[in-house]
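Participant: Chain by chain, the residues run as shown.
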Amino acid sequence: MTDKVRVAVVGLGKMGISHFGMVNAHPDAETLACDGSGFMVDALTKNIATPIYKDYDTLLEKEPLDAVIIATPSRLHAPMVKAALDRDIHVFCEKPFCLDWGDSAALTDLAAEKGRVAQVGYHYRYVGAFQEMKRILDSGALGKVTHVLAEAYGPVVLRPKRATWRTQKEEGGGCLYDYAAHPLNLLNWYFGAPDQVMGSVLGQVFSEGTDDQVFSTLQWTDGPTAQLSVNWSDESHRKMSTKIAMIGTNGRLYADRQECQLFLRDPHDGLPGYEPGWTVKYTTELTDEVWFYLRGEEYSAQIADFVEAVRDGKSGAVENSFASATETDRTLAMIIENAETGQTVGEARAMQAPKKRGWFGRG
Amino acid sequence: MDRLLFGDNQFFGINHMSEEKARAQAMRFQKTDAIMDVLDIAYDEGIRTFMCTTHDRIAAIADRVRANPARYPDFQFYPCMPYAHKYANAMTEYGMVGALKHFMPDDGLFATALAGGKALATKEVDGIAKVLIDMEMKMFAGTKTPVIFVQNIFTDLLLGMGFTRALRIFYDHIVEKYDAEPAFITMNMPMLLDALEKEGIERPIICSNINKIGFRMAGGFDAYLDALKSGRVRAIAMSVYASGAIPADEAIHWVSELPGVESIVFGASSAGNIRGTKALVDKYMKEAA
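Chains as they are written, first to last, in the numbering used here: chain A, 1 to 363; chain B, 364 to 652.
Misleading hints may appear alongside valid ones.
Among the chain B residues that face chain A by a calculated CB cut under 10 Å, a handful are [stated by the list, open to error]:
id, residue
1, Ile377
2, Gly458
3, Gly525
4, Arg579
5, Met580
6, Gly582
7, Phe584
8, Ser593
9, Ala608
10, Ser633
Below, a list of computed lysine-lysine pairs in the DSS-like style, where the Cα atoms sit at most 30 Å apart [claimed, not checked]:
id, chain 1, residue 1, chain 2, residue 2
11, A, Lys239, B, Lys501
12, A, Lys54, B, Lys561
13, A, Lys239, B, Lys449
14, A, Lys54, B, Lys394
15, B, Lys641, A, Lys243
16, B, Lys641, A, Lys14
17, A, Lys239, B, Lys493
18, A, Lys46, B, Lys394
19, B, Lys464, A, Lys46
20, B, Lys449, A, Lys46
21, A, Lys14, B, Lys501
22, A, Lys243, B, Lys493
23, A, Lys161, B, Lys493
24, A, Lys46, B, Lys493
25, B, Lys575, A, Lys14
26, A, Lys161, A, Lys134
27, A, Lys239, B, Lys649
28, A, Lys161, B, Lys501
29, A, Lys144, A, Lys134
30, A, Lys243, B, Lys464
31, A, Lys243, B, Lys394
32, B, Lys384, A, Lys281
33, A, Lys281, B, Lys575
34, B, Lys384, A, Lys14
35, B, Lys641, A, Lys4
36, A, Lys54, B, Lys493
37, A, Lys134, B, Lys384
38, A, Lys54, B, Lys464
39, B, Lys540, A, Lys46
40, A, Lys281, B, Lys641
Source of the hints: derived by calculation from the structure; they are not laboratory data. From a predicted model like this one, the values you see are computed outputs, not experimental measurements. Even glycine gets a Cβ: it sits at the ideal position worked out from N, Cα and C.
Just chain B, same shape as in the assembly (with noise of 0.2 Å):
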């Protein structure tokens, strides 16, 4: 994994401190081209992978970098599944049932299966979420995915019922029909790295808010810092700056002397904040990694 992953929030209306800038940025980024913008400055900053949801509009970004070989030879998708408010909304809609035969292929066997509201053995949840991933993963076709994630609502709707089986499906699904590496995200990263260890994935890669203040740092701030120490986990950190509370400098110096972190993962919509960040990892995770 590179050092340094570019983050999708600010393209799509998500800023964790104000609802007035979230606005701000979806109007800015409503066209492909704005935000194919961005990811250019990134790109030609040397920054080469793209973390993303998997959002409609992803599939526009990942037209455009298919269209072009030449000008992305190095793009890389990281892709984040499932686009939860997607699934959330058609809960809502359809129910828990409805909406995952509307997520279905419609003449697929589970489909079937959904519609007659037949009761579901072990080896139907694994079919229909293996159908659900590769439904996720069309737009990616014929572009780079190296490490692909689950998103944390649903990693930690999972991990808190105790359904950690499925994140195992997930797990072997990636490696075998992808052949890339499962990695998933998650605000509760302790308790997930026990669960997927007693899941028999050994040195996991996490992605999670790691940050010196410890924001959203769940299950404690001191368990974070164990867990990373215990070289059991290959960690990407998020929300490294906790939106804005602390200084960059700051934020990643503290950041690149932890053990396990691998990568950070941020967010921004200016050159300059780009160039910024890029040089701070530039100038203190040379050595670290």
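Same shape as in the complex, but just chain A (with noise of 0.2 Å):
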């Protein structure tokens, strides 16, 4: 092992305070943190002995980093990854990646060429039912999936208030890029990148500049349709609840944060354990002990991907590549043009003879 890495949390909001303390208790972690408001780095300043800078370019230039976690509001994403990397320095960016998936697309090859670990905070790829998810899918116990409804509700925007960053579609915010980005996410790594949008619609139920709600048709030509429904001006729900439920010719597949159950018609080699009927696995066998916990491990855990990979010299991320950030971020870009226009989005792939198109398949 070499020595402790040098990671600098940017953005000190609810997001980026949760990676600060996390960052700050993992064991071969030295933090330093950067953030404009006075507020926020005036009341740590003088109680913590973390250095925190207020400006991030005079951070850049006096620390040496191996590593960056950016937490800013979506919009200051793309130039301030593409500064770290230029800097050959490691970046964990939360998501969304960037508001213009051009954006996403270059600073994955530039990660690339540098050889960085280059990660994206989608979170929900660590929760034990979803990765439980993924591996019977990719078992193929499921048979030819069908029917996908993916839906994420919570209680966010829960009446007409005054703006924030997250209220502005502008800056990244709206349901589509907080919370529709999660279930999205988490089917682009169940099917990769849908071939058709349709049928999206990006609605207000309380704010004035951005969406409050979400419906989109998602297909892929030899996979499922899938549904999508989030909505986050829901206050039934404590906090945000995420699930997926699938069908395929062989069962039924659901999963949310707590549990994944599996409905089996026959039983399949590639699964050994699960038997015909169904099978409920919990949150308690799913899950990994995490080195320090905070809010979930799925936080911790990628955290620790992340801190791990730059400090085991490794030149990319194990989970949540910045180009599967950017598949996601294409998919959101879909549906914005198909709500906006009103138009199918993309083409169906020849069955026979698939070949590589543009990524919104027209012309």
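Starting from two chains that each stand alone, build the complex the way the hints lay out.
Facilitator: Here is the structure:
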């Protein structure tokens, strides 16, 4: 093992402050922080030992860093990530990655060229039940999946209110970027990028500047059709709750943060231990221990993967690479275009001779 | 502290196994009467301590207890603050400074300081913390609150950031103003114990997951056992059943033989489960404490 990884957490909002707590507690990390807000910086500077910068460029200039964790509003991600990569610094960036997926693709190339660990904070891929769903799908036990329902609900915008960056589309706010990005990222993980997007609605409930609810239909030519239903103005849920259900030719599969339920018609060699009928596995058996717990194992686990990949000299992310996040940014862009134009985005691929097409598949 | 404490997760749609069960419980307990019925069963079984968040709905429970001293002469609350979702949601809505302002008394000195975006001196952080604690404690005025907790999400965030001085501010304020025992809930008990000792807090009351399968015992099962055996902590065990993964008898028996565990906190919605847990604790923990 080399010396401690020097990591700066940039942006100390709700997400950044938890990343800061988790990285700072990691035994192999030496932590710095950076935030523009006078209040946060002043209160922390007087009370903790960590050096805290107010300006990102000064931080990069003065400190020899191994890695940065970017948790600023989404609009700022692209230039900040680029500045770090230009200095050969490994990057963990909060989701959604970039508001323009062209930026995401360019940064994916840059990170690959530099051989840096480049990861995005889609923590649901670290939730045990969604990992089990991935394992079951990859085993082929579910047969051909034909029907998928991906949902996320929670209480974020419950009345008309004053604007923050989260309520402004151009800043990367809104239910699509904030909530829907998670189930979409899981769908990308399970099935890749959709070929066609149709029937998208970005609806407003209370917000003026952005969307509070999202509907969309996503199709994979040689895969399933998925229905996306997301709403962040739902007070019946105590906190964000994401769930995915799917029906295949050999059964039905459901997962949320707490459990993974599989109904299997016939047993399958690729999935030992699962009998015909229902099998339910809970968090208690699907979750690995973490070194430090804050908000959920999945948050610690993703930070551990990042810090340890940097520590061990890896040249890419273990999970949630920039490339996979780019795929999600592109899917988000397809939904926006579909909602704005009302025209189906993308084309069904030819089944017999699949060949690579442009991302939006037109022309 | 009593050996058996009654928790409140089941009343507020929190279930670590199943979102369906959580929703069913949220439906069942949306009326205060339904919560009170279960608390009455527990109280009549001799479980006198209700360890609860500072959720708005707890205020209605405190009203009932205050209004009927003849029915509840020994009823005591162990408040756990802050009710984290209230602050987390406010932070999303108003931002960090806006959220603080939102919970400050309107006319306060601190609201003025925050409104001006003025830099916060150490003493101002202390003052803000004390005002927030007092706001959270308002609903319990006139009831017995001998032990008062910081919730795990808050304890662990401060612990991770290295801002453990805030835990010391809490500790001192609880002792001085409420004449109560300060306590801490955490998911990282061994690390917290070390940090509290560095703040000069000896033999702290710490509530954390302690169960036979090591579920959510961050820092490692062995580190937990070492801390318990060292006699440096007064432990309250939560999640002893690991959300139902361990059979009740086996779970309580195992915990009862651990040194350093003074109490168990559990949540239940049915008379059968309440009586069952009480019977097991009476059976295994009689001589332990």
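Participant: So which of the earlier hints does this model not fit?
Facilitator: 8, 10, 14, 15, 16, 18, 22, 25, 26, 27, 30, 35
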